[in-house]
Amino acid sequence: MNERVRRWIEAVSLLDRRFIFVAIAVAVVAPLLVPIGLPLRTSREAQALYDRVESLPERAVVVLGFDYDPSSMPELAPMTRAILDHLFRKNLRVIALTNYAQTGPIAERQLVEIAARFGRRPGVDFVNLGYKAGNETVILAVANDFRSAYPVDHRGIPTDSLPVMAGVHTWKDASLLIDIAHGATTDQYVRIAGARFGLPVGAGCTAVSIPRYYSYLQSGQLVGLLGGLQGAAEYERFIRKPGFASAGMDAQSMAHLAILILVAAGNAAFFLSRRR
Amino acid sequence: MKKELPIILCVVSGWIVLLDFFIPKPVIGTLSRAIVDWTLILSAASFVMGGMSVFAVNLARVRRRDSGARYRVVVLVCLAGMAGLGILGGIGEGTAYNWIFQNVQVPMESTMFSLLAFFIASAAFRAFRMRNAQATVLLLTAAVVMLGNVPLGGAIWSGLPSLSSWLLGHPSLAAQRGLIVGAAVGATATALRLIVGVERGYLGLRQ
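Heads up: the protein sequence lines correspond to chains A and B, in order.
Take any residue in the first sequence, note its place counting from 1, add 572, and you have its number in the working numbering.
Take any residue in the second sequence, note its place counting from 1, add 83, and you have its number in the working numbering.
For reference, chain A alone in the conformation it holds in the complex:
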């Protein structure tokens, strides 16, 4: 083994982690500044969710779970915005709720901003029921009545007085539930709202959670699934409104490539050093 190879193995083995941090930062930032425009493939599960929303009649009720906190916002907010855009464009009634204590204000801001683009009004076209402590028990309580679980909405307005809630009492009165989640809430909705009350459930999740939800997809317990930023980019493509997720796909591609190159270099150095 010549001296150059030996030095290369040493350099890779002792690579300063700050170099790795810089490499990842460059891989993420450069495509955001100079987009590559890699072609986006759409998945069946994302298409299925879009088609399900598309098939709903005007003024049908869609329950949207904002089940993530600020830590997962960069990954999950883009798909939430794309779905909201679609729901409001189709003039569907949106009932938003969350099982996370911090997320009521996050949901409110996104709802108000996107509803305003389509002239949809709070209380009439959408409502943010906000947070209610209890997790699975809250889902069970809604099975009895939305009003007993949520007597008032996030703004403190009595739920019973809101036109958007007219005729909506339990899960059975909704046409679709979409849970955007980074935790286990989708499982709970599938178990109670889906399995027990027959409400079709769709989901959006972080990329790391995708394998977990394939089980529910294959069994038909989820009608569609958006996974991570890729799922959000696919939905943006369906609604023909490229946004943050579409722009971020180049960055994610380059970040994945950078990690794989680093791992490959590490393994090459590992094998060469063993041979030596």
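Since the hints were made in silico from the structure, they are not lab data.
All of these numbers come straight from a predicted model, not from anything done at the bench.
This list has only true hints and no planted wrong ones.
Partner residues are not named here, just some residues of chain B that face chain A (Cβ under 7 Å, in silico):
(1) Leu123
(2) Ser126
(3) Ser205
(4) Ala207
(5) Phe208
(6) Met229
(7) Asn232
(8) Gly237
(9) Gly252
All C-beta atoms, glycine included, are put in the ideal place defined by N, C-alpha and C.
Fit chain B to the given chain A structure using the hints.
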């Protein structure tokens, strides 16, 4: 009664909610709904107890001048400050509470989580080695799924996204389903132990 009463409450509540699933009688439905409503109230009340506990524990440590006391002061000031702002001024749009939440907490939490990408990259570089056959399979699978789930994968080879979907939809699905079924059986067993009064760990008691 200090031990028996919580167990009786748990057993009776558990059976009523369980029976409500199978027996559509109004009296059971009414009792079940009441129990669910009480649970919601108790869940909300537990937040108050949790907040008081955090405050009391940190205050005691600050008084004793334990290590990291200055950080505990920050916790206490933030806890009291945000609670005060929320209680006095509300939490809706346009309030000070909401402004701090949207402009301080949301970006800070997002940033903290995003930093994980850098540490994961560093850890993957150092730890992901093809030391044996299993590690090699793991690494190759990870590479296929990582590339297959981003547009770059399709640009490199058009079959990569399909291969990634196959990995997620077959081998991974089988393992995930096994885990889910296993966890469900475990949860059922634990629930049965709770509603027959055998499981007492939640009370801090021995079985």
